[in-house]
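S.K.: Protein chains in written order, with full-length UniProt numbering: chain F, 1 to 81; chain Y, 1 to 81; chain H, 1 to 152; chain R, 1 to 152.
Keep in mind that a hint or two might mislead.
As the list claims (entries may be wrong) - In silico DSS-like pairs for lysine-lysine, Cα to Cα no more than 25 Å straight-line:
#, chain 1, residue 1, chain 2, residue 2
1, F, 17, R, 128
2, Y, 17, H, 128
3, H, 128, H, 141
4, H, 62, Y, 17
5, F, 49, R, 141
6, H, 141, Y, 49
Hint data in this document are derived by calculation from the structure and do not stem from the laboratory.
The structure displayed is predicted, hence computed values, not measured ones.
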Amino acid sequence: MQILYFAWIRERIGLPKEQVRTDATTVNELVAELAAREERYALAFSDLKAIRVALDQELSDFDAPLDGVREVAFFPPMTGG
Amino acid sequence: MQILYFAWIRERIGLPKEQVRTDATTVNELVAELAAREERYALAFSDLKAIRVALDQELSDFDAPLDGVREVAFFPPMTGG
Amino acid sequence: MASPDIRVQEAAFDPGAELSAFTPLAAQAGAGAVVSFTGLVRDLAGGLSRMEIEHYPGMTEKALRKIAEEATTRWELGPVLILHRYGAMAPEEPIMMVATASPRRRAAFEAADFLMDFLKSRAPFWKKESTDAGESWVEAKPEDEDALSRWR
Amino acid sequence: MASPDIRVQEAAFDPGAELSAFTPLAAQAGAGAVVSFTGLVRDLAGGLSRMEIEHYPGMTEKALRKIAEEATTRWELGPVLILHRYGAMAPEEPIMMVATASPRRRAAFEAADFLMDFLKSRAPFWKKESTDAGESWVEAKPEDEDALSRWR
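Make the full structure from the sequences, and use the hints.
M.R.: Structure, rendered in structure tokens:
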């Protein structure tokens, strides 16, 4: 599974993307796995209210299942326009 | 007093403007005077709901006084934009 | 704040050229949001050969200036443009344009919307359409007058 | 109806040139009303040296297209333009633009307003400001998210 990070989440984790093997069945489980890895991940995911998630490039929820998902992206609320 | 006509009112009366001597004290009185003149005026002023009036280039009402007014304009509802 | 740019003219104009000139003024005034509205001659019934716009020369600019000033008291605005043609024009030609600028996008949108609602029903312009069937004065729509109540 | 013109680009653009190109398309589609919104880099706190916009390349165009298509199902629209830059830009430069066209002025206004509300909170762009004091990511405003409820 490909994981992408944007904006300050990318900066905190120090990576724009990475390939991850996981048995997580929901976004929440995936976040818990990532946060448990290292301090920088824990820091990046410390406040989920400030984070949005997209599954295969569609905005989604943290309790959404990961069945068949190939790309997960984490980013702060959008500020375009 | 200068009187101006616009759009179909100008066309019905057949004049863009005219100088008028009047003792009318309100727009309503002036309209009654004009309508009494000739058929084309009567026709032009037959439906006052379809007419707007401006006194010295400010939108006004038919019961407004004419004291000191130098220019009266009659026209249909505006259709710009 | 600069005074509103009000133009009543017979000559054709290019809305894009106007927006190109307006945008830097908006930026310099600290605005982050620019809204423009352009009205085009539309061939509603088919067969429109031309549109003629009559106006009330002495009153028109005064009425437009009053509408623009009302907008600048209601919203925090940068530059304001109101440009309206009169005389003869062909289908698809631009008739008029307004542009607003503000630090806030909602203010820019609302002010442009407000300018259009008041311009429609309070500025002395009258449209006459020429078609194969003859000439006719465009009738005001009741909803145009009703639209003013949105701003009470 | 032509499909929406969606562009996500690093290059600067001229809003006036875009409006010049858009307006004849609107006229040909039978629209009498054209609304444009342009967003400019604004030096809010003073001392902004540049703005950097990050986006999510795979998702961005898809999200913008979805927003444009939603607008075309809600309103009777002619052509629709959404143009958004990414990368580095200087104060006062145009960041993005939307343009809408409709036979009815209210529809053109509402559709542009709708596009902006959804673009703000549903298209994957993130702004970072560089000032003398350092760099910081622009925070989303709660009212931007709240604005979406206007369109339920």
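S.K.: For the pair we were handed, residue 49/F and residue 141/R, check the Cα-Cα distance against 25 Å.
M.R.: Roughly 14 Å separates the two Cα atoms, so the pair holds.
S.K.: Given the hint that residue 62/H pairs with residue 17/Y, test it: the Cα-Cα distance must not exceed 25 Å.
M.R.: holds, 20 Å
S.K.: Residue 141/H and residue 49/Y were given as a pair; does the straight-line alpha-carbon distance stay at or below 25 Å?
M.R.: holds, 14 Å
S.K.: Please work out if residue 128/H and residue 141/H have their alpha carbons no farther apart than 25 Å.
M.R.: holds, 14 Å
S.K.: Decide if the proposed pair is consistent with the structure: residue 17/Y and residue 128/H, CA atoms, cutoff 25 Å inclusive.
M.R.: Since the Cα atoms of residue 17/Y and residue 128/H sit roughly 19 Å apart, the hinted pair holds (cutoff 25 Å).
S.K.: Does residue 128/R lie within 25 Å of residue 17/F when you go C-alpha to C-alpha?
M.R.: Distance ~19 Å between residue 17/F and residue 128/R Cα, so the pair holds.
Of the hints listed earlier, there is not a single one the structure fails to meet.
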